[in-house]
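Please work from the sequences and hints to get the whole structure.
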Amino acid sequence: MIINSILSFEFPPINELLRWRDVVPGLNKVGLIAIASALIGSLLFLSAARKDPKVAPKGTRNLAEVIVEFIENNIIMQTMGRDGLGWTPFLLTLFLFVYLCNVPGIIPFIQMPATARMAIPMFLAVLVWVVFNAQGIRHQGPIGYFKNLMFPPGVPKALYILITPIELISTLIIRPFSLAVRLFANMLAGHLLLVIFALLSEALFQARDKILIPIGVFPFFMLVFLTGFEVLVAFLQAYIFTILAAVYIAGAVHPEH
Amino acid sequence: MEALSKIVKAAAEAATGDEKNIAAAGSAGFAYGLAAIGPGIGIGMIFGSAIESMARQPEAAGMVRTTMFLGVAFTEALALIGFVVVILLKYA
Chain A
272 MIINSILSFE
282 FPPINELLRW
292 RDVVPGLNKV
302 GLIAIASALI
312 GSLLFLSAAR
322 KDPKVAPKGT
332 RNLAEVIVEF
342 IENNIIMQTM
352 GRDGLGWTPF
362 LLTLFLFVYL
372 CNVPGIIPFI
382 QMPATARMAI
392 PMFLAVLVWV
402 VFNAQGIRHQ
412 GPIGYFKNLM
422 FPPGVPKALY
432 ILITPIELIS
442 TLIIRPFSLA
452 VRLFANMLAG
462 HLLLVIFALL
472 SEALFQARDK
482 ILIPIGVFPF
492 FMLVFLTGFE
502 VLVAFLQAYI
512 FTILAAVYIA
522 GAVHPEH
Chain B
-15 MEALSKIVKA
-5 AAEAATGDEK
5 NIAAAGSAGF
15 AYGLAAIGPG
25 IGIGMIFGSA
35 IESMARQPEA
45 AGMVRTTMFL
55 GVAFTEALAL
65 IGFVVVILLK
75 YA
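Read top to bottom, the protein sequences are chains A and B. Sequential numbering of the first sequence, starting at 272, is according to our numbering. Sequential numbering of the second sequence, starting at -15, is according to our numbering.
No lab work stands behind these hints, which were simulated from the structure alone. Since we're looking at a predicted model, the values are computed, not measured. Virtual Cβ for every residue (Gly too), placed ideally from N, Cα, C. Please note: incorrect hints may appear among the correct ones.
A few chain A residues facing chain B, derived, Cβ under 8 Å [as the list claims (entries may be wrong)]: (1) Ser449; (2) Leu515; (3) Val524.
Where chain A lies over chain B, by a calculated footprint (3+ residues, C-beta under 8 Å) [stated by the list, open to error]: (4) 23 to 33; (5) 38 to 46.
What follows is the structure, encoded as structure tokens:
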């Protein structure tokens, strides 16, 4: 209130920041970003696939190979081991889509991560949930999967009273929930931080009191710093999302003995 | 302390919204502050021990890094759930 009276600074209500008007009927900015990132990802890999694999890679093929190698070496080999390499296409798609949805949060003039709305993270989390449960049922059989899920081996019998409900809830409910909320909340928090510092520096630069104008440098510096930080967060969240998907699938395919 | 209470009083008087809004804003800030304590300590510990083990065994750095990010992801989720609760308290 005091800030408001000095600076005529008003933080917009959250709906104004996140609820976009439809650009095309039925599609707003977030939807367009999601579609664009899906298209960009597919076009990148389609154009890379058309190149001759025998010559030294360059351009899009080089980029595509770097991404594939990153997924294989840093995500699959670390979590699923060698026999998880068949999962590269799924995890690659997941990683690329999440990353390309995150990155518009820092691209000037777009500046809205598509994953800052709950719909996309929730859909991806449900997808991962369906995939790892289906894999568990396929590899261990429905009875074996739920038996391993509810009664992990190597635990004293009496402790099952405690462990069974915890394991069941944590695997079937908390896992998809936290997967979705982690991505969503990280991107939303980053977006809101950028909004706050952008608005504050704008209000300070346009303040009626001339003394306040140089103070606006501090929020502006913070804005630049946080934009750099968001570059890291956009990558890290996509990485973590994919790693967790890989860990869940690996856990369902190869149960603990 | 007196200046603080004056500011709070001025803010409360200047607010056009009802008391529920003020209470929601106060408790939302407080809730996020509380939610950030545990994960802050936890992430610090995770990174600390990861750096220690990477320095001891640089050849295991890749595996340590992956596991570290896993741990950070699980710990961080608590703080983020706190953040979501704040948004719900404030705007829902």
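A quick look at each hint next to the structure:
1. A distance limit of 8 Å between C-beta atoms decides the matter here; for Ser449 of chain A the minimum to chain B is near 5 Å, and the interface restraint holds.
2. About 6 Å separates the beta-carbon of Leu515 of chain A from the nearest beta-carbon of chain B, less than 8 Å, and the hint is met.
3. Taking 8 Å as the C-beta cut-off, the interface hint given for Val524 of chain A is violated, the closest approach to chain B being about 17 Å.
4. Check on the region 23 to 33 of chain B: 0 of its residues sit with their Cβ under 8 Å from a Cβ of chain A, so the three-residue criterion for coverage is violated.
5. Coverage of a stretch by a chain is defined here by at least three residues with a beta carbon nearer than 8 Å to that chain's beta carbons; for the region 38 to 46 of chain B and chain A the count is 1, and the condition is violated.
Checked against the numbered hints given earlier, this structure breaks hints 3, 4 and 5; the rest are met.
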